[in-house]
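Novice: Residues -3 to 563 (the numbering used here) are what the sequence shown spells out, left to right.
Think of the hints as simulated: they come from the structure by calculation, not from any bench.
Treat the hints with caution; some may be incorrect.
[Said to hold, decoys possible] Here are the computed lysine-lysine pairs in the PhoX-like style, where the Cα-Cα straight-line distance is at most 20 angstroms:
hint	residue 1	residue 2
1	K84	K122
2	K26	K301
3	K511	K492
4	K182	K256
5	K137	K122
6	K230	K137
7	K481	K492
8	K278	K207
Bear in mind that the values here come from a model prediction, so they are computed numbers and not experimental data.
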Amino acid sequence: MVTRAFNLKIGDILFEKGVITREQLENALKEQQKKGADSKKIGSYLIDLGYVTESDIATALGIQFNLPVMRLEGMKIKPEVIDLVPEKIVRKFNIIPLFKIGDELTIAISDPTDISLLDAVGAQSKSKIIPVIAPYLEITKAIIRNYSTQVETEQSELSRQMESPGISRIEVDELRKAGADLPVVKVVDRMLIDAVLEKASDIHVEPREDKLVIRCRIDGILSEVATYPQSMHKGVVSRIKILSSLDISERQKPQDGRVKIKIEGNEVDIRVSTLPTIYGEKAVLRLLNKNAQSLNLDDLNMSEKNLETLRQLIEEPYGIVLVTGPTGSGKTTTLYAALNEINSIEDNIVTVEDPVEYQLPLINQIQINPKKDLTFANALRSILRQDPDIIMIGEIRDPETASIAAESALTGHLVLSTLHTNDAASSITRLIDMGVEPFLIAPSLLGIVAQRLVRKICRKCSEEFTPSKRELDILGLGASMDGVKFHRGTGCEDCKKTGYSGRTGIYEIMVIDSKIRELITARGSTEMMRQQALKSGFKDMRFDGIRKVLAGITTIEELLRATRNMK
-3 MVTRAFNLKI GDILFEKGVI TREQLENALK EQQKKGADSK KIGSYLIDLG YVTESDIATA
57 LGIQFNLPVM RLEGMKIKPE VIDLVPEKIV RKFNIIPLFK IGDELTIAIS DPTDISLLDA
117 VGAQSKSKII PVIAPYLEIT KAIIRNYSTQ VETEQSELSR QMESPGISRI EVDELRKAGA
177 DLPVVKVVDR MLIDAVLEKA SDIHVEPRED KLVIRCRIDG ILSEVATYPQ SMHKGVVSRI
237 KILSSLDISE RQKPQDGRVK IKIEGNEVDI RVSTLPTIYG EKAVLRLLNK NAQSLNLDDL
297 NMSEKNLETL RQLIEEPYGI VLVTGPTGSG KTTTLYAALN EINSIEDNIV TVEDPVEYQL
357 PLINQIQINP KKDLTFANAL RSILRQDPDI IMIGEIRDPE TASIAAESAL TGHLVLSTLH
417 TNDAASSITR LIDMGVEPFL IAPSLLGIVA QRLVRKICRK CSEEFTPSKR ELDILGLGAS
477 MDGVKFHRGT GCEDCKKTGY SGRTGIYEIM VIDSKIRELI TARGSTEMMR QQALKSGFKD
537 MRFDGIRKVL AGITTIEELL RATRNMK
């Protein structure tokens, strides 16, 4: 049981012990007051100002909460004790089990205020928890030492793969040393390994005022997976920048880089982006697992009608087929699957991409390079002199590229591309707003695929339930759904208590017929085009999503989340 010593404040304890002076304490209190109610604890300010060490804070916390203080350097912890508390918990809350005697499990903590956490650990490990205080950084290093051994071989291989031959020429010694520090190397290696094994699409390395936070996007949702002392931020970011061949001496400008790794036979291409924030550089790593994605139309989980419609569109000899949706909605995967469908030795297929995400046989793929003036528009001009049959443009970003794409379609080429819009109908007005003339769009555009990704219900913990009338009304289903079975995930170990595992697409495909072409030429509104498409049998994305809800693939809540910005 943790009991706080009566009326003792940490600053007063440190002053009484002669660790700090009254003036130093007042300086730290002033810094804390400047930050207001959301400021960090006084101990963090005392450390930042250089008045105390983490060991001093641990000793003072021991006095304040009547807890013993332990040093962890050199301590060996038995594997069976380590196995009692999952790694994700110890990393997230910076705690570590030390030893077990009978039914009592001793755990080192740096923050004794979160008693509910200890209760949860006790229930999970079926032990009585005995807390002790240890310095924050010592706990972090102990976690790295003890929880990294299971993947030591993979980490060593990972580090070997990612070392750049030019690293030794970097002249910024301090940052290079920080990036090569063994705990930092293990943190970064383990972060990458965990993200790949958990099928994360992005890793966010975020500096906060008092800590370094690692978040991962899994199945489209960001969640915190680990925290580290703020003092590790510089080293972790430097390590990432070294691996991706970025300039570690430049911390005031955004940078972009890439690195390739291989984990458990999976080749992963990582795009790295850094951005200066008020607390230091934030790094975002986008992971592209080349073995994880299926590049076949049959595996996109489209309805039979949508799949048939898309196949008819890409079998046309010329015209434009667009795939639209927000970032991370699976547009590129759909494009590659379409290319795979029509890939043939008889056709000259050329792509211009940023970046080239998958390498496909028989296809000529171009990586744009703005530094060399190889833009989408310039690349397209050159491609048209290469006798192409089919052209894939990674993204239409500007009026020039859009106009060239339309002209290419009108001169006998099939053009596939993506556009950032909310739905199919708004893609047409987006092209017009970009400055493309309606007389170019109307005859060249064949059809538009709009899509989103929704999380799938976990098969292991799926259960039937009865939705509320309000939920049914929102989807336009009404209350008369007797006999229809709805499902949701209750949360289990397999799905990390989320109730979801994996993602699938929901789609709408608008075919451009003669009536819609007339509206395009007349500069009709998005709603006018949408209404005309509905008259011709068009089914919107929410309709496709409802089908997947009724089939027990996803949930009402997930469908509403994915389509909340749509009509």
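Novice: Which numbered hints are broken by the structure, listed smallest first?
Specialist: As far as the earlier hints go, 2, 3, 5 and 7 are violated by this structure, in ascending order.
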